[in-house]
Amino acid sequence: MVIISEIIRTFATQMCSLESLKIDLRNLKDSMTTVEYDLKDSYFEYIDAPEVRSGKVRVSLTINKLTDFFELKFHTEGVVMIPCDLCLDDMEQAISCDNRLVARFGTENSEDDEVVTVAEDEGILDVSWLIYEFIALAIPIKHVHAPGKCNPAMIQALEEHSADRSSDEESTKPIDPRWEKLKNLKI
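The C-terminal position of the sequence shown is numbered 609 in our numbering, with every residue numbered one higher than the one before it.
Just so you know, these hints were derived from the structure itself, not from any lab.
Possibly wrong hints are sitting among the right ones.
Stated by the list, open to error - Across the chosen pairs, the derived CB separations fall in these ranges:
id, residue 1, residue 2, range
1, P596, M576, 47 to 57 Å
2, D490, P574, 56 to 66 Å
3, S442, V537, 19 to 29 Å
4, E542, E467, 18 to 28 Å
5, T529, S476, 36 to 46 Å
Said to hold, decoys possible - In silico DSBU-like pairs for lysine-lysine, Cα to Cα no more than 35 Å straight-line:
id, residue 1, residue 2
6, K444, K495
7, K571, K603
8, K564, K605
9, K564, K444
10, K478, K571
11, K495, K462
12, K444, K462
13, K564, K462
14, K451, K462
15, K462, K478
16, K487, K451
17, K444, K478
18, K478, K603
19, K451, K478
20, K487, K462
21, K605, K571
22, K564, K495
23, K495, K478
24, K571, K462
25, K495, K451
26, K444, K487
For every residue, glycine included, the Cβ atom is placed at its ideal position computed from N, Cα and C.
Model the full assembly from the supplied sequences, consistent with the hints where possible.
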């Protein structure tokens, strides 16, 4: 029973910390509102997506309340931990991005490329997943450690099993002349 109560307490703590990421658009008083978020490991654990495991990110959200819609500008900066493409060990990746989004009221919740429709009777916009998507999109396609920082055991295993080494071992076997001509096309 103690373990279950600990799990419930942990889950409740995470839920409470993410409540601040839900914005009540109906009750925004000023035309311009700025909110700051410090996202840490518990945020990434709650999101539970495979791309980012942990991190420390600061998000500044400016909401401009206009007549028919809300303009949201996100400025995100920080560091996230992601797996290295070569050695699969965790590595730090700096993140810095600016994103813009438009929110408006409608009959039901929906998302488009840059427009989010919030059900008018609810009026709550949860930006927790939107922020995660902005962070994930800011990660470069190729992410590897700086030279010499990768796990040496994994790099050695990669070199042992690379295609170049296995092709050298097979070079003692006779190759079909048709395939031999194709080797000349390699860059």
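Here's how the hints hold up against the structure:
1. The hint said 47 to 57 Å for the Cβ distance between P596 and M576, and at roughly 35 Å that hint is violated.
2. At roughly 58 Å, the beta carbons of D490 and P574 sit within the given window of 56 to 66 Å.
3. A beta carbon spacing of about 24 Å between S442 and V537 agrees with the range 19 to 29 Å that was offered as a hint.
4. Restraint check, E542 to E467: a C-beta distance of roughly 33 Å breaks the suggested window 18 to 28 Å.
5. At roughly 38 Å, the beta carbons of T529 and S476 sit within the given window of 36 to 46 Å.
6. For the suggested pair K444 and K495, the alpha carbons sit about 15 Å apart, so the restraint of at most 35 Å is met.
7. The suggested pairing of K571 with K603 is violated, with an alpha-carbon distance near 39 Å, which exceeds 35 Å.
8. With a CA separation close to 28 Å, the supplied pair K564 and K605 stays within the 35 Å bound.
9. Proposed proximity of K564 and K444 is supported: the alpha carbons are some 32 Å apart, at most 35 Å.
10. Proximity of K478 to K571 is assessed by CA-CA distance (about 21 Å); at most 35 Å being required, the pair is judged to hold.
11. Under the criterion of a C-alpha separation no larger than 35 Å, the hint pairing K495 with K462 is consistent with the structure, at around 21 Å.
12. Proximity of K444 to K462 is assessed by CA-CA distance (about 17 Å); at most 35 Å being required, the pair is judged to hold.
13. For the hint linking K564 to K462, the alpha-carbon distance of about 24 Å falls within 35 Å, and the restraint holds.
14. For the suggested pair K451 and K462, the alpha carbons sit about 29 Å apart, so the restraint of at most 35 Å is met.
15. Simply put, K462 and K478 have alpha-carbon atoms about 5 Å apart, close enough for the 35 Å limit, and the pair holds.
16. Proposed proximity of K487 and K451 is supported: the alpha carbons are some 9 Å apart, at most 35 Å.
17. Among the hinted pairs, K444 with K478 is consistent with the structure: their alpha-carbon atoms are about 20 Å apart, no more than 35 Å.
18. For the hint pairing K478 with K603, the CA-to-CA distance comes to about 53 Å; that exceeds 35 Å, so the pair is violated.
19. Between K451 and K478 the CA atoms are separated by roughly 30 Å; this keeps the pair inside 35 Å, and the hint holds.
20. Pair hint K487 plus K462 holds up; C-alpha atoms about 28 Å apart against a cutoff of 35 Å.
21. Distance restraint check for K605 and K571: the Cα-Cα separation of roughly 34 Å lies within the 35 Å cut-off, and the hinted pair is therefore satisfied.
22. Restraint check for K564 and K495: the C-alpha separation of about 27 Å stays at or below 35 Å, so the hint holds.
23. Between the alpha carbons of K495 and K478 the distance comes to roughly 20 Å, so the proposed pair stays at or under 35 Å and holds.
24. Using a Cα cut-off of 35 Å, the hinted pair K571 and K462 holds, with the two alpha carbons roughly 25 Å apart.
25. Our distance criterion of 35 Å between C-alpha atoms is met by K495 and K451, whose separation comes to about 18 Å.
26. Note on K444 and K487: the hinted pairing holds, with a Cα-Cα distance of about 16 Å set against a maximum of 35 Å.
Hint check: violations occur at hints 1, 4, 7, 18; the rest are consistent with the structure.
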